[in-house]
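Visitor: Starting from the structure of chain D, add chain U where the hints point.
So the protein lines, in turn, are chains D and U. In this text, residue positions in the first sequence follow this note's numbering: the first is 1, and each later residue adds one. In this text, residue positions in the second sequence follow this note's numbering: the first is 1, and each later residue adds one.
Hints were generated in silico from the structure; no laboratory data involved. Just so we're clear, the structure is a prediction, and the values are computed from it rather than from any experiment. A couple of the hints might just be wrong.
Same chains, same names: a pair is fine if it fits in one copy or spans any two.
Derived DSBU-like pairs: lysine-lysine, alpha-carbon spacing no greater than 35 Å straight-line [to be verified]:
| no. | residue 1 | residue 2 |
| --- | --- | --- |
| 1 | K335 | K506 |
| 2 | K457 | K517 |
| 3 | K506 | K353 |
| 4 | K401 | K134 |
| 5 | K341 | K605 |
| 6 | K340 | K58 |
| 7 | K335 | K457 |
| 8 | K340 | K503 |
| 9 | K565 | K476 |
| 10 | K335 | K107 |
| 11 | K588 | K603 |
The residues making up each chain are set out below.
Number of protein chains: 2
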Amino acid sequence: MFMRFVSRPAVAALAAVMFANLAAADEGMWLYTKPPTKYLKEKYGFEPTPTWLEHVQKSSVRFNTGGSGSLVSASGLVMTNHHVGSDNLEKFSTPEKNLLKTGFYAKTAADELKCEDLELNILWKIDDVTERVKGAAAKDMSPADANTARRKMMLTIEKECEDATKLDCQVVTLYKGGRYHLYQYKRYTDVRLVMAPEQDIAFFGGDTDNFEYPRFDLDMCFFRVYEDGKPLKPEHYLKWSQNGAADGDLVFVSGHPGRTQRQNTVEHLKYLRDFEMPLSLQRLWRREVQLATFMARNEEFERIASGDFFGVQNGRKARTGMLAGIQDPAVMARKIADEKKLRAAVDANPDYKGQWGDAWDQIAKALTSYRTFALRRQVGPNGDLFGIARDLVRLADELPKPSPERLREYADSNLDSLYLDLYSPKPIYDDLEINRIASGLSYMAEMLGYDDPYVQKALGGMSPQARAEMLVRGTKLKDVEVRKKIAAGGTEAIATSTDPMIKLAKDLDPEARALRKRYEDEIESAEREAYAKIAAAQFAINGEDAYPDATFTLRLAFGPVKGYKETGKDVPAFTDFAGMYQRATERKGQKGFELPKVWWDRKDKLDLKTPYNFVCTADIIGGNSGSPVVNTKGEVVGLIFDGNIQSLVLDIAYTEDQARAVSVDSRAMIEAMKKIYDAGPLAEEILKR
Amino acid sequence: MFMRFVSRPAVAALAAVMFANLAAADEGMWLYTKPPTKYLKEKYGFEPTPTWLEHVQKSSVRFNTGGSGSLVSASGLVMTNHHVGSDNLEKFSTPEKNLLKTGFYAKTAADELKCEDLELNILWKIDDVTERVKGAAAKDMSPADANTARRKMMLTIEKECEDATKLDCQVVTLYKGGRYHLYQYKRYTDVRLVMAPEQDIAFFGGDTDNFEYPRFDLDMCFFRVYEDGKPLKPEHYLKWSQNGAADGDLVFVSGHPGRTQRQNTVEHLKYLRDFEMPLSLQRLWRREVQLATFMARNEEFERIASGDFFGVQNGRKARTGMLAGIQDPAVMARKIADEKKLRAAVDANPDYKGQWGDAWDQIAKALTSYRTFALRRQVGPNGDLFGIARDLVRLADELPKPSPERLREYADSNLDSLYLDLYSPKPIYDDLEINRIASGLSYMAEMLGYDDPYVQKALGGMSPQARAEMLVRGTKLKDVEVRKKIAAGGTEAIATSTDPMIKLAKDLDPEARALRKRYEDEIESAEREAYAKIAAAQFAINGEDAYPDATFTLRLAFGPVKGYKETGKDVPAFTDFAGMYQRATERKGQKGFELPKVWWDRKDKLDLKTPYNFVCTADIIGGNSGSPVVNTKGEVVGLIFDGNIQSLVLDIAYTEDQARAVSVDSRAMIEAMKKIYDAGPLAEEILKR
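If we strip away everything but chain D, and leave its shape as in the complex, we get (with noise of 0.2 Å):
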């Protein structure tokens, strides 16, 4: 699956740059402010209209836990993934009652249960602040100040636009810097839970099946917004498509991509094989092996730390792939190519040379001064125990201030979402909490080395474990009231407070904001700075005709659905529930592999030709999970789920020649809809026209 994207405003800030050569490839996250209109003309002469691209827009649905989606009904129904719902699932979920095992469907409006902390934006408007914020900083600025100021800028302009629309403004960073839009957003978050199959159909053939193709999982979940206590009444949603798609068919993804880094200079890239990727795979190998040991030991652990356990092994098997994809020398060796030839423009013209020319060693100086403090950056322990003190801690040293001089996620603009997290009623368990927190201090001691004084705070004297222990079983945190109280107390609540997660978040708060200070002023700026350069310099040597790096924003993608041959066998583009039964029975006894039982029990009632999942070559990558797939129309005629082995170098590449984004076909979810689930009201709802 498509790993969630996690979306706190820090984070979906890292844009990259991209500038593709686009000869003739479906390649391309585009703004919808600057859609591939002559492209999509000329190939497939279809040229989408102002009001399509509107309507296609204004339906789509970003998810806070990380995900996409897209408004299906008249009245606020909105489609995503399983895997994007699961959160919600498993918040309902008590050792006695598992959604995640038994599914769920709510046949009335009064069964449809309410999610407390999900939130989900609709984009309304888009305005290119870019001179705004540029001209924030002064020429003369060394970079840190001049980053200082373009952020102070970025949320003096969010606020602006927040107290004059009454909509949910984010300034969004594209091109890395090249360019910075207002990104104004419709927010909800009355948001009920509508339907859920089982786990085991949505993400059938686990692990081991996981981005892979051919495939049969039925991902799919289904929530509804309301408004003022009622359904919503959307000015736009899709409409289902009466045939689904053919093989060939264009079809475009309308989704929030949340992170690739295509446009990265060499250097940079070598930073992510040689360093972060490596770095970054060692916790996920660690996690994945405690977690599984921590689940063996019974059901009730096994049932609380799936959510983790799955997160962990779908990362894993991300960055493997594209750790093999950048390891590949045919892949660098293209990008060594692209770079030669764009420094060579620059350096052939003075002007140019003066303006952008030390902008790739000025990433690499800024790359080699970060490997000397990235890790000690992103240690810490870990737990939502821990995450909700360091909140309150922080918010307390943050309210004071003006909105603009703080740190980015307590600004004003983002308070909503940030109280949302902060006091969900969400399950924490301390089993899960101990496992968490003695994994990461550990992990603290493992990498940084035992003495460290900052490891030393962090272990108060004592072992990862018995800290851990002492942490969990001692803080009054889990208590919402308390974290009200605590909050509304602000500095003087935290001065005085004795829980010991609160006063951990408080001692080990000095160095971990030094760390994020120097990660900004040194790196963040150098890097946004060097990347406008080349931005610019891509601009004006190959032209504006670019889309940029994600940013978990919403981007139009496209290209025929399309099979692939693979080691020289053909891979055709759709399965069908036969190919699902046929699988299940070949690996009959192992684990992923089972089918809840109304999938044998129904089995006879079901047209197992019905297309199950297919592919298509539409540019995607993880945050596009529950991204709806349409039509020339603007029907749907899919949900993105997933892409295969070979899409997991569309970090760094696009490439069509196996890459493959793979989706549910909305025949098939009305068929299960209809025939396993007793949910006709629910597919007539979404049939309706």
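Guide: Relative to the frame of chain D, chain U by itself:
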């Protein structure tokens, strides 16, 4: 399970000094030449006579695959653990007939299966050669030259001994340079498999219960030693106890603990804690996940990789426990206090100070230097085929030299064992080899950087996966005759070989050898010298009554059968078959808890009250797997197969509070042979007096 201990001479030479405070603890892995007679007499009123010691010593067996065992019949029957014998079970298995699943019992001598590459050693004679070895290094030599001179002398002594005695002779470095002993072994290479239960009962509870207690494992396996084509009539073998052991009984463990690191200096322990153990765990976590995903692909992959997987999981669990121990501030505080005391005593005596005072700093300095290349020394392509290629390349280089000038493992005294391994007809599976090599190559790139010249040489311009496929598909080394032909061809055959695996080994060898030389000249020599000083200081200040750190050579440990307390609850010393059935029922359907069908079918025949597993306080560690547990009469009462979680800290410090050695009870073995496996004749052979 205790990990088997890998025993190539180069590894076994890694000893460390041990002098603990033996106040009133059942501590120690004692040399047979220096047993704790006084302590035993005072505390237990039992004094092992020279006859008793000789009998137990000469009944003890070392497995070249890294475990222990014992002779238990007049016809050369050898008892060890299933997890020590499982290598051989794997080699006899095919997709159609998997001995790990089915178990094995040879009803007649003709049914016994000859193990092609298994070597057993029995320690026959011990001589102190400290003077000769130490004397080989002149006073004014550099540490590197002194180290080389000692190594040459060791090989010279071994050669003289072999020529004179026809025994297998090995000079063992004890007290990390404090003493050198010449161990003379009887060597047996005609060893046949007699009986093994199913892995599901031998390793009941799987990774979840591994290193835990209470426990329910029938971790036993029986071989028979042949001499001149007939069953060995041994001079010594252990009789079977009539009644087994009772709670509180004093018992002895005679076996080959692999390695302990108890007398490491504090800085050396910190090196383990902050560098070596985290690095080693990183590799294990990584490999565990990689193997798990490999095995999930199909049943045959699961079968062929299960040995690797068990080793990795087992090593990971053991090191997790060790790291937790060393991260416990109480353990380290004791180490710091002990060292402080000794150093103060040295510093207080000007003579001592002059001779030994700089030892601690010398070790710290060597380790600081080693950190800069330890990782580089450890990486490389993995797998059997690469190991074979490297041996062939090095044999060609080494054999023309006089024996004492060679790398130690190619000296005459080690060649028989080397050839046994090199020409083993054990199956090699392409898919697993590709997986191992791709993993090893990618690890090099991840850790050293893809562009590193050593890595580039290993990759040969390809991605790790492509390179691994090319190497494995292209090599002819799977054919034993090809290996022999290349070996016979010497330098010329290597120089002209077009085999890609040979070429790779040849390409990498200059750097690999240089790293080894650097390690030996700069690190090992400094450590050897410094630890010899600390040993001398210990002997002078605390007396000679001490045992050396483990070196995979024969030792005697002891202690009573005794339960312990854990989180306030009593853990009794014994379990029984009834407990096993209860646990199997509780954990039904979970991985690792499936009893073989025959155990359910014949449950009614069993005496469910038969003592099954038990714990005692004897001081053991990995390598002790398969050691006999004997009573004061020298009779078998059990079979060591594991330590509990609390015992994992024994690597660095003994504790008898909760740490326990875990054994199979002698009575359970007999009961299972008779009632479950229709192996009455085997039981009769063992019980015969």
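Visitor: It remains to establish, for every hint, whether it holds in the given structure.
Guide: Okay, the hints, checked on the actual structure:
Within a single copy, K335 and K506 get their C-alpha atoms only as close as 44 Å, which misses the 35 Å cut-off; across copies the closest is 32 Å, which meets it. When the C-alpha separation of K457 and K517 is checked against a cutoff of 35 Å, the pair qualifies only within one copy, where the shortest distance is 20 Å, while the shortest distance between copies is 40 Å. For a Cα distance limit of 35 Å, the shortest separation of K506 from K353 qualifies neither inside one copy, at 47 Å, nor across copies, at 47 Å. Proximity of K401 and K134 under a CA criterion of 35 Å is satisfied intra-copy only: 24 Å inside one chain copy versus 72 Å between copies.
For a Cα distance limit of 35 Å, the shortest separation of K341 from K605 qualifies neither inside one copy, at 60 Å, nor across copies, at 81 Å. Taking the shortest Cα distances, K340 and K58 never come within 35 Å of each other, neither inside one copy (41 Å) nor across copies (72 Å). For a Cα distance limit of 35 Å, the shortest separation of K335 from K457 across copies, 22 Å, qualifies, whereas the shortest one inside one copy, 43 Å, does not. For the identical chains of this complex, K340 and K503 are inter-copy neighbours only, at 34 Å across copies versus 52 Å inside a copy, given an alpha-carbon limit of 35 Å.
When the C-alpha separation of K565 and K476 is checked against a cutoff of 35 Å, the pair qualifies only between copies, where the shortest distance is 31 Å, while the shortest distance within a copy is 57 Å. Taking CA atoms no more than 35 Å apart as the test, K335 paired with K107 passes in neither setting, with 53 Å inside one copy and 66 Å between copies. In this homomeric assembly, K588 and K603 come within 35 Å of each other (Cα to Cα) both inside a single copy, at 16 Å, and across copies, at 29 Å.
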